Amino acid sequence: MSKTRRAFYFLTGLIMVPLGILFILEPAEGYEYVLLLLVLALLGYAVNHLIYYFLLARFKTGGIEVLFKGLIFLDAGLFALDLNDVPKAYGMLYMIGIMSLSGLIDLLQGNQARILQSGHWKYQMGYGAGKLFFGLSCLFFLDSARILTLVFGLGVLNMAVNRISIAFRKTDMVYVK
Amino acid sequence: MQEDFHYYATYCAAFLAGYTPEESREIAYSAQLVDCCSKTFIRKYKGPVTAATTQLQTELADTHTNIPGIQDITRIWASFHFLPGNLYAVLKRRPRVYMDKYRLICDVNGPLVRDTVILANKGGTEACGIAMHILADTWAHRYFAGTPSFVINDAREFFELRETENGIERIKVRFNHNPISPDSLEKNKFTNCLKQDGELSTMNLGHGRAGHLPDYSCMVYEFQPAWGDYMIILKDNPSDYYRAFCQMVYAMGFLRGEFTEFETDRYDEEKVQPYRDEIMSILKKRQLIANEDWKSFGERLTGTALEDFDLQKYGGEYMASAREEKEHTFLGRFFTAAIAQKSMVTNKIYSSGNRIAGFSVEQDPGGLKGMAKFGMTAYGQGRGGAS
Amino acid sequence: MDTENTINSPLNIELRRVSNYLGYSGRAVIIFGLWDAAKTVIQFILDPETFLQYFDGGTEIARKLAVAFIVFIVMVLLTVGLCIRFFIGIRAISEGQGKMKSPVYLVVTGLFLIVNTAFMIMDFISVRVGHSEPDSLLISVLIEITSDFALGMILYSACRLRFLNRRA
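Chains as they are written, first to last, in the working numbering: chain A, 1 to 177; chain B, 1001 to 1387; chain C, 2001 to 2168.
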């Protein structure tokens, strides 16, 4: 991983720590900022993929998958953008869904890392399980806004700590010469 | 290609070209050393790290995929394992950023092959060995580029074309990503790199997405490369490896002074013809590595025993030499030849207007004149100068 | 040499390209379908009270029944929509792999696309009459376009594939 990328992970992790705390202490404000972060992440990922497609991947055999991936994330990002106008409950559900899905993906990637005998598979699986746990736990507390924001805020802090740790971690890889 | 071809087959080819068994051993050793001479290896003997001809997995993991990192990776892999076939290739309606990678696709009989062999003419058996490794790899690794690129090096739809009693059978190749489980020809199980759609991921370097298929001499298969725009490539390894062998014999004939000119797409089939059947049977035999067969062939050919490749063979000599004498040891000459090759290829890539392999110091009016001042760069700093 | 039928003839290359587009478009339609279903659940199912604004008067029981009925209708429509997308997606993937060819799913795709476009036009009208905000409309339209792109791609790829196969 390049130094720039490590710095990016570290800084975004640092930004997420106060956001998580803010979410727990002042849910209304915290919600707005977390939603903004989510929108920026999704739209940024989508735009990145779309630019990559039009610049390079459209000449690649099977490159259309990059276009569709970009479109799906664009859809998700635009939907998140629209959430500001709807009741917060929907926005919360959307964010809970993203957190849970992201946790599931991390769990599967952790399992893949376990097969590849990477040194970080336990951490990765644990982190994914944690995110999934926080995400699914929120569904049990939909009636109690206070507990819901507390659990979700802890989930955000969990993600923040993970990003900071990634910045200092050595990258494992499978390489075939 | 693997040790079976780079070491043992090169030994046989060198002998057929007219070298003595001892010279053939040195050439073969150099050819195989190209696959082992990493920065870790060089640092062990306190040599110039710019002479690195390969990168270990751990070194690749530590290499940042920022611009300098990509340039470092490209310099090594494009210079020694994926020699570009045509640095001036033209495709319609492709942006510059795409063409910079496309032009690094390895192919046989390109102008750089000629430049590599002619450059080796200035060196000894070490330079010859390096050139033979590069030449042989153009046959095995063609259609892949020595730079990380998803849009060039990804590949799909692999089918093995296997000869059976019922004729040619088209069998889908199934890959897994578990590096622990070995490849199995019987079970049709192979390992390849994980699919990573990050453009600059090192998983997308070279033929990682094809696994070891290009390195197995018995494999005949077809696939769709990412750059091919849905074209199907047929890769006939036994045939390609045989031509590589014949071309090595011709190239080494030139290096011995048998010919005044070196031309690409020329093969000394006359010298190889008496052994064609035996060579083809080795190449076509379904096995993951053919060390024993090639070794046996080489020993019968030369009438002398051939020791197995020993990576540490010349390390002691290099370490024991005085600083001024290191250049004249086997490893010292190997390092010099490797740096010269890397400098030449980087220079050619740079001259074509492509910055992907970095800046060529030969072009810099105020700085070092290429590797002419190798001694100063290598021994003055201990890490080597710009390359 | 018969160049038209060689493995890398322009015709065969185009056939492979279009088959590949069809396969990926089919997968995209399925994923978009699942995503649409998830969005509908978030927007409509969990807060059925939103529909109460369209019912003035009536008893509490009548209003609850009306809401329940609407929720039921939305669930049915959601399931039907999802099944249609799965049908389209699976058929497209199958045809892309050269396994099966059926004109039925193309007709369904075309109708689905027309219906989606009609809903988009209705969104424009709702802005004109002041029931929706323009920025909400823009986002809604963009989302619809991304979703309909895959359907359009299926139609184009399947038609092109049939045309090329007739030439081959």
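None of these hints come from the bench; they were simulated from the model.
Be aware that one or more of the hints could be misleading.
Claimed, not checked - Restricting the straight-line Cα-Cα distance to at most 27 Å, the calculated cross-link-like pairs of lysine-lysine (BS3-like) are:
#1 B:K1172 with B:K1235
#2 B:K1285 with B:K1172
#3 B:K1187 with B:K1284
#4 A:K122 with B:K1046
#5 B:K1122 with B:K1046
#6 C:K2099 with C:K2064
#7 B:K1189 with B:K1122
#8 B:K1122 with B:K1092
#9 C:K2101 with B:K1195
#10 B:K1172 with C:K2064
#11 B:K1295 with B:K1313
#12 B:K1172 with C:K2039
#13 B:K1189 with B:K1172
#14 B:K1189 with C:K2099
#15 B:K1295 with B:K1285
Owing to the predicted nature of the structure, the values given are computational and were not obtained by experimental measurement.
task: Take the C-alpha atoms of K1122 (chain B) and K1092 (chain B), compute the straight-line distance between them, and say whether it is at most 27 Å.
output: 39 Å, violated
message: Can you confirm whether the C-alpha distance between K2099 (chain C) and K2064 (chain C) stays at or below 27 Å?
response: Roughly 49 Å separates the two Cα atoms, so the pair is violated.
query: If you draw a straight line from the CA of K1189 (chain B) to the CA of K1172 (chain B), is it 27 Å or shorter?
result: Cα-Cα ~10 Å, so holds.
- prompt: Given the hinted pair K1187 (chain B) and K1284 (chain B), is their alpha-carbon gap at most 27 Å?
  reply: 18 Å, holds
query: Within a Cα-Cα threshold of 27 Å, do K1295 (chain B) and K1313 (chain B) meet the stated pairing?
result: Given that 27 Å is the threshold and the Cα spacing comes to 18 Å, the pair holds.
- prompt: Would the pair K1172 (chain B) and K1235 (chain B) pass a check requiring their Cα atoms to be no farther apart than 27 Å?
  reply: 15 Å, holds
Agreement of K1172 (chain B) and K2064 (chain C) with the hint, judged by alpha carbon distance not exceeding 27 Å: 59 Å, violated
27 Å limit on alpha-carbon distance, applied to hinted pair K1172 (chain B) and K2039 (chain C): 39 Å, violated
- prompt: Is it true that the CA of K122 (chain A) sits at most 27 Å from the CA of K1046 (chain B)?
  reply: Violated, at about 38 Å.
- prompt: Given the hinted pair K2101 (chain C) and K1195 (chain B), is their alpha-carbon gap at most 27 Å?
  reply: Violated, at roughly 30 Å.
query: Within a Cα-Cα threshold of 27 Å, do K1122 (chain B) and K1046 (chain B) meet the stated pairing?
result: With a Cα-Cα distance of about 25 Å, the restraint between K1122 (chain B) and K1046 (chain B) holds, given a limit of 27 Å.
- request: Compare the distance between the alpha carbons of K1295 (chain B) and K1285 (chain B) with 27 Å, and conclude whether the hinted pair is satisfied.
  value: Roughly 15 Å between the alpha carbons, so the hint for K1295 (chain B) and K1285 (chain B) holds.
Checked against the numbered hints given earlier, the structure breaks hints 4, 6, 7, 8, 9, 10, 12 and satisfies all the rest.
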